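Chemist: Using the sequences plus the hints, can you model the full thing?
Listed here are the chains, written in short residue letters.
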Amino acid sequence: MGNGYVVPAIVAVTLVTLGIGFYGLRLARTTSDFLVASRAVSPTWNAAAIGGEYLSAASFLGVAGLILKYGVDVLWYPVGFAAGYLALLLFVAAPLRRSGAFTLPDFCELRLGSRRLRTLATIFVIFIGWLYLVPQLQGAGLTLATVAGSPYPVGALLVAAVVTANVALGGMRAITFVQAFQYWLKLTALAVPAIFLALQWQADARPAVTPPDGPAFRTATTVVVEHRAALTFADGTIRQVRPGDRLDFAAGDPVPAVSGVATDAADWLLPSTAGDDDRGLFATYSLILATFLGTMGLPHVLVRFYTNPDGAAARRTTLVVLALVGVFYLLPTLYGVLGRIYTPQLLVTGQTDAVVVLLPEAALGDGVTGRLLAALVAAGAFAAFLSTSSGLLTSVAGVISTDVLGRGSVRGFQLATVIAGGVPAVLALNLSGLDVSQVVGLAFAVAASSFCPLLVLGIWWRGLTDLGAAAGILVGGGAAVGAVLVTVLGPPLSGWPATLIAQPAAWTVPLAFTVMVAISMATRRRAPADVGATMLRLHAPEALRS
Amino acid sequence: MTAADDPVPAPRAPQPSGRARIVLAEVSRRDSRAERTRTELAQQTRVGEALVRGLVRAQLALALRMSLVVLIGLGGLPWLFAVAPAVGRVTVFGVNLPWLLLGLASFPFLIAVGWAYVQLAERNEQDFTDLVQRPER
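So the sequence lines, in the order shown, correspond to chains A and B.
In the working numbering, each residue carries its 1-based index in the first sequence increased by 2.
In the working numbering, each residue carries its 1-based index in the second sequence increased by 72.
Hints listed in this document are in silico derivations from the structure and should not be mistaken for laboratory results.
Only true hints are included.
Now the stretches of chain B that chain A is said to cover, found in silico as 3 or more residues with beta-carbon under 8 Å: (1) 125–132; (2) 152–160; (3) 166–180; (4) 183–194.
Listed below are several chain B residues computed to face chain A (Cβ distance under 7 Å; list not exhaustive): (5) Ala135; (6) Glu197; (7) Thr201.
Here the structure is a predicted model, which is why all the values come from computation and not from measurement.
Quick reminder that beta carbons are idealized off the backbone N, C-alpha and C, glycines included.
Modeler: Given below as structure tokens:
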């Protein structure tokens, strides 16, 4: 990779992030400023910041890679990632803001008055936060290795160090400005190259995305395999390949069919049908449930709502976020589709996550334009790692500083940040084989099976009790955590067990709701006596408050 | 709960500190009529309780109706594609329908539902505010 623009672009993004962080530091004077941005952040800034924080490596790189590999069925990922904000808007945004809770543990204590439930929620916040942080750091390591040829730990440690320093020194105030900037950077980094790519596709006489003979190499290509697979060549020969194998293809050669990848045009182009098997449909609905309901349970998303001045502003902010995120998600699909034409070798190597980073040079050639656009995309990818890691780190550190270390002083928050950033950095160095998109999807499933029922029932149902909430989180969330651990550490599965473990939300979310309701009804007498006052506080407009 | 037990507090009565604790003191004190209705709400009198229940029910019903729209509009698609594969082969401007529906149309749809919800939820809150601040109460 001889692109000399990539490293300067990444360095520039990092420096600007730090620069805005320190500018924000000068503005942050008091502890209140430091932690909640004084609630003086305007809805547009706040919405851009939420969007910037939310669009992670999985959105920026992973979605396009999945579409390149699997086609139309995985379009549910971007749709679900956006729809999560609608669920948040409908059921959570305004009441949560009015509750005055800063974190999920705060909400537990405020609504149900239980310290033990608060501790349980703290454990889940830290687990989900770290589960989401590790793939961000890994994505950074892999991207820097792909575009600049650096060793894997460099990118992971760089992002971990920059983010930890920035959060520890600048706090939320700085983070709001950094995140808002990074939303617009990420959008630009995908939108501008997308325009050039579309023009190039026109200029190339609109090559078919799914030619009748299957995808073919446009130029002579040497492929170095990175994942074990079985390749089926056009003449019917089957060859097992292993990481490190080199394959030479001439221009016009058809791309061999790769096991586990939708190489066949019909598989890729058309949704799975009832005739295939029920597992495909089950996995689709499970994915929909996890992404629609998981967003509201992600710790770094909720912290943001405290920076709105009131409940109505929280609602409007969420709507703007939905629009910003929706606009962004139009783009990865385009990269995935054009990747079928310009970077079919990624289907063979298995590194489909690299499609966004590699596509500009593959389509536009390695002239100045192609290289500049490739650098822009790499900068956007780095913005994605930096911003999501910052948001996650802020919320995990906030929870650690208030619930594990004690009072929420500035010094305590800084110490908590170092702890919260250090653990996933060590994990990321030791677990390099995890698949980015899959782990992020599992984090959504855990959030949807633990905090989603807690929030929805806590906000709308007077009958929720502390024991019911704890049981629901332990059983539903625990089942999802178990699925995560089996996926990450366990043996490879096949058939129905594999589907149920890889996409657990369709059974763990209903399980969590059922247990929470059933145990709450069995322990009806434990419902807090002040639930009426809490309901008033959650739902009454601020104008009626004294 | 001493002075606050008085069913009709005197205008501009000094605010008992216990009440401020129950209802998050964030907005500065306001005038007397609003204060009386707030007192009723905060003390969870039967009338206040019923009012809050009504608001919660209205907002929940609205949220559930909106979810139903999304459930049918988006959630029905995988099922539709599965039982009627022909729908997936329909092309519009050379692009297969599922790609257009999911990759393009779903986002404006979600935003439109969200926009409608914000309007209706604010109207519910306005109705609630008008109800508790009506002059005859």
